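Colleague: All chains, full assembly: derive it from the sequences and hints.
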Amino acid sequence: MDLIRSHVMVCGGTGCTSSNSAAVIAEFEKQLTAKGIDKEVKVVRTGCFGLCEAGPVCIVYPEGSFYAHVKVEDVERIVEEHLIKGRIVKDLLYKGAVKEDNTIKSLDKVDFYKKQKRVALRNCGVIDPENIDEYIAFDGYQALGKCLTEMTREDVIDVILKSGLRGRGGAGFPTGLKWKFAYNSQSEKKYVCCNADEGDPGAFMDRSVLEGDPHAVIEAMAIAGYAIGADQGYIYCRAEYPIAVKRMQIAIKQAREYGLLGKNIFGTDFSFDLDVRLGAGAFVCGEETALMTSIEGKRGEPRPRPPFPAVKGLFGQPTILNNVETYANVPQIINKGWEWFASMGTEKSKGTKVFALGGKINNTGLVEVPMGTTLREVIYDIGGGCPNGKKFKAAQTGGPSGGCIPASELDIEIDYDNLLAIGSMMGSGGMIVMDEDNCMVDIARFFLDFTVDESCGKCAPCRIGTKRMLEILERIVEGKGEDGDIEKLETLAETIKATALCGLGQTAPNPVLSTLKYYRHEYEAHIYEKRCPAGQCKALLNYKIDPDKCKGCTLCARQCPANCISGKVREPHVIDNSKCLKCGACMEKCKFGAISKG
Amino acid sequence: MSLENKEKYEALQNVIDELKNEPGALMPIMQRAQDIFGYLPEDVQNYIAKELDIPVSDIYGVATFYAQFNLEPKGKYIISVCMGTACYVKGSQLVLDKLEEVLEIPAGRTTADGLFTLNATRCLGACGLAPVIMVNDDVYGRLTPDQIPAIIEKYRR
Ligand SMILES: Cc1cc2nc3c(=O)[nH]c(=O)nc-3n(C[C@H](O)[C@H](O)[C@H](O)COP(=O)(O)O)c2cc1C
Ligand code: FES
Chain A
1 MDLIRSHVMV CGGTGCTSSN SAAVIAEFEK QLTAKGIDKE VKVVRTGCFG LCEAGPVCIV
61 YPEGSFYAHV KVEDVERIVE EHLIKGRIVK DLLYKGAVKE DNTIKSLDKV DFYKKQKRVA
121 LRNCGVIDPE NIDEYIAFDG YQALGKCLTE MTREDVIDVI LKSGLRGRGG AGFPTGLKWK
181 FAYNSQSEKK YVCCNADEGD PGAFMDRSVL EGDPHAVIEA MAIAGYAIGA DQGYIYCRAE
241 YPIAVKRMQI AIKQAREYGL LGKNIFGTDF SFDLDVRLGA GAFVCGEETA LMTSIEGKRG
301 EPRPRPPFPA VKGLFGQPTI LNNVETYANV PQIINKGWEW FASMGTEKSK GTKVFALGGK
361 INNTGLVEVP MGTTLREVIY DIGGGCPNGK KFKAAQTGGP SGGCIPASEL DIEIDYDNLL
421 AIGSMMGSGG MIVMDEDNCM VDIARFFLDF TVDESCGKCA PCRIGTKRML EILERIVEGK
481 GEDGDIEKLE TLAETIKATA LCGLGQTAPN PVLSTLKYYR HEYEAHIYEK RCPAGQCKAL
541 LNYKIDPDKC KGCTLCARQC PANCISGKVR EPHVIDNSKC LKCGACMEKC KFGAISKG
Chain B
1 MSLENKEKYE ALQNVIDELK NEPGALMPIM QRAQDIFGYL PEDVQNYIAK ELDIPVSDIY
61 GVATFYAQFN LEPKGKYIIS VCMGTACYVK GSQLVLDKLE EVLEIPAGRT TADGLFTLNA
121 TRCLGACGLA PVIMVNDDVY GRLTPDQIPA IIEKYRR
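Those sequence lines, one after another, are chains A and B.
Here our numbering is used: the first residue of the first sequence is 1, the next is one more, and so on.
Here our numbering is used: the first residue of the second sequence is 1, the next is one more, and so on.
Warning: the hint list may mix true and false statements.
[What the hints assert, rightly or not] If you only want the chain B side, here are some residues facing chain A, beta carbon under 8 Å, derived:
#	residue
1	P23
2	M27
3	Y60
4	R122
[Claimed, not checked] With a cut-off of at most 30 Å between alpha-carbon atoms, the simulated DSSO-like pairs for lysine-lysine come out as follows:
#	chain 1	residue 1	chain 2	residue 2
5	B	K154	A	K298
6	B	K20	A	K312
7	B	K76	A	K246
8	A	K71	B	K98
9	A	K298	B	K74
10	A	K253	A	K146
11	A	K579	B	K98
12	B	K98	A	K591
13	B	K98	A	K391
14	A	K35	A	K90
15	B	K98	A	K544
16	B	K20	A	K253
17	B	K98	A	K597
18	B	K8	A	K246
19	B	K50	A	K458
20	A	K582	B	K154
21	A	K298	B	K20
22	B	K20	A	K246
Worth flagging that the hints you see were computed from the coordinates, not collected in a lab.
Bear in mind that the values here come from a model prediction, so they are computed numbers and not experimental data.
Every residue, glycine too, gets a C-beta built ideally from N, C-alpha and C.
Modeller: In structure tokens form, the structure reads like this:
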């Protein structure tokens, strides 16, 4: 075997692939071959490193040099300087990895990673997800072996119960308990399902686990199958994730070849196999009963519970459904013991949580922190705060089922119960940051628009109620809000919450309720003063030229697509707001800062 | 039946033979059928119904429930504008407005020359690059509306 002296790990996650990491990988391979060092330096396409903002990213080991925004043109220098001459190319390194005195920080000291703890993401960015041997080299399938050969089914459930692991898909139901219910159900046939539908728009944790460490999910599902007595599993993945689907299919095939899926695994009488099923673009299919109806090949409408899936689920048989990230924790809990897992986190929420940090934040990307980390640490210490010196306004968690958390709650310790208490929820892990320029009424409208679009229409409160709420919100952002609208929204919200059939409808009003709770003044400004404090709602915007600052350069008048700016050369100009399209072109172009909106 | 069409139906028949006996086979068959035909014309729905011996209304019901099934042909280039939360707070609405203006069609429609279909979609999973659009498999990130005309022009040529 060739002795590899250096590894170049290039991120092949979706974010970096979109910023063209495939071309960077190809260039590395080309350069290494050209220089004749392709036998001693290995290029590995890994899963997501987390810092998508800096993509494409690559790390060169053993030094652990973290190169960011790597362009194809940069590759030759990295090969020439770093890999041949051993000199790190400092100007291409990630900025946060270079200290003020121009020395280099190790990766775990970089602000973005310092407070993180990678459990579910431990292999992402570390191994080649398309190579089962690399997973095995990092203790892969050891937990499955341990379960099958050393532990009884009851032992396995007991360890998961004691670890305190709760579902990462949203509701936070204790995983061990769910398994126990399914274990207790008597049936010839049972199923294990994985929820990889990741419907929260703006979240990509599950995608990164599937793309970066698919075998962890397979191993965990096999363990679950052993525990509850199932021999068949399904991974329900959204069709929008082609890379994840492909890697999962490769992983399943490799696991079968190694006898880690299929008949008589590890020579025991336990058999288990897996299939991937694709969603087809319906948010409600992330809900557990709808997901199972969809796997059955029907319209993905939810069904009333009880009966719960643990009793009567997929094809009418006892079934468990867990989220991707939930599964990703399982093998390590078995390997390292429940005590290890339970030592992380808060009293009622153990372990870590992965968040997809996005929106108005400097370091967008994936972040995994121990439960109990404060929101402030995530937003400022890890995320680096809002760009362009703007003021933080809100962090949205829980997607369309969640709520907005205001600046006054930044010191909250993140766990399931704390987030619920302030009107949001953990959700699957999307965390979108908004700054002073984002209108909270419009955000509420955005989410309601989403739910109206995604409501399956089976129950009236959700089908009709959310539509009425959306209509009111649309009126408000268009400047046609009326006295009493806020109260109407509140009544509708409470009714829908109490009466909708499934989680989609029951949680749909949350974005409205939470914004009403913390940003009521913005609603009131829209309704009573016909003003959008964030300056976002077009219908309520008025552009104005300050006559004292205007030099009469005519630039704005020439830019205006509606020809609504008039004035003589070297004299102050005026905007005719009745014709203005509110495109903002004038304000962008003005060199004297004379134009303002409000 | 044209030759091309005949080949497509043969491919469909193979898919049906392969999957027919699997539990819950209808959706995978429809997905593969859409890959073959580009959309799900009425004839194809009837064909699948006959082969699986189920009412065509079942197929129509599934096709209309899920956003990804198309009952009409799509343009040569499918433009997906991400309207996920991360992109939305970073101004994807303005990008969509600009595309509607440049292509002279509302979201969800196809241009008269059959070149472009404009779709508003959910998170494309590249939130780090928000706002994001995809033109078929090409991803464009960190967009501002004024970059749109040049991008469209590239595909018109
Ligand atoms: C409307 C709706 C959408 C959901 N979408 C998802 C999803 O995309 N991914 C997910 O893991 N769970 C989703 N859930 C939660 C699932 O119903 C279920 O609770 C979860 O998958 C169970 O796994 P866990 O216990 O490991 O979290 C959704 C729930 C509702 C009501
Ligand atoms: S929200 Fe647009 S890519 Fe995620």
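Colleague: Are the Cα positions of K50 (chain B) and K458 (chain A) separated by 30 Å at most?
Modeller: This hinted pair holds, its Cα atoms lying about 28 Å apart.
Colleague: Taken at face value, is the distance from the CA of K246 (chain A) to the CA of K76 (chain B) at most 30 Å?
Modeller: Distance ~24 Å between K76 (chain B) and K246 (chain A) Cα, so the pair holds.
Colleague: Does M27 (chain B) pass the interface hint, meaning its C-beta sits closer than 8 Å to a C-beta of chain A?
Modeller: Status holds, d = 5 Å.
Colleague: Close enough to count: is the Cβ of R122 (chain B) nearer than 8 Å to one in chain A?
Modeller: Status holds, d = 4 Å.
Colleague: Within 30 Å, alpha carbon to alpha carbon, are K98 (chain B) and K544 (chain A)?
Modeller: 24 Å, holds
Colleague: Could you check if Y60 (chain B) really has its C-beta closer than 8 Å to a C-beta on chain A?
Modeller: Cβ of Y60 (chain B) sits 10 Å from chain A, so the hint is violated.
Colleague: Take a quick look at whether K20 (chain B) and K312 (chain A) sit within 30 Å of each other, Cα to Cα.
Modeller: 24 Å, holds
Colleague: Quickly compare the C-alpha distance for K71 (chain A) and K98 (chain B) to 30 Å and report which way the hint goes.
Modeller: Roughly 29 Å separates the two Cα atoms, so the pair holds.
Colleague: Is the shortest C-beta separation between P23 (chain B) and chain A less than 8 Å?
Modeller: 6 Å, holds
Colleague: Holds or violated: K582 (chain A) with K154 (chain B), Cα cutoff 30 Å?
Modeller: 29 Å, holds
Colleague: Within 30 Å, alpha carbon to alpha carbon, are K579 (chain A) and K98 (chain B)?
Modeller: 19 Å, holds
Colleague: Assess, step by step, whether the Cα of K298 (chain A) is no farther than 30 Å from the Cα of K74 (chain B), and give holds or violated.
Modeller: 24 Å, holds
Of the numbered hints stated above, those contradicted by the structure are hints 3 and 5, listed in ascending order.
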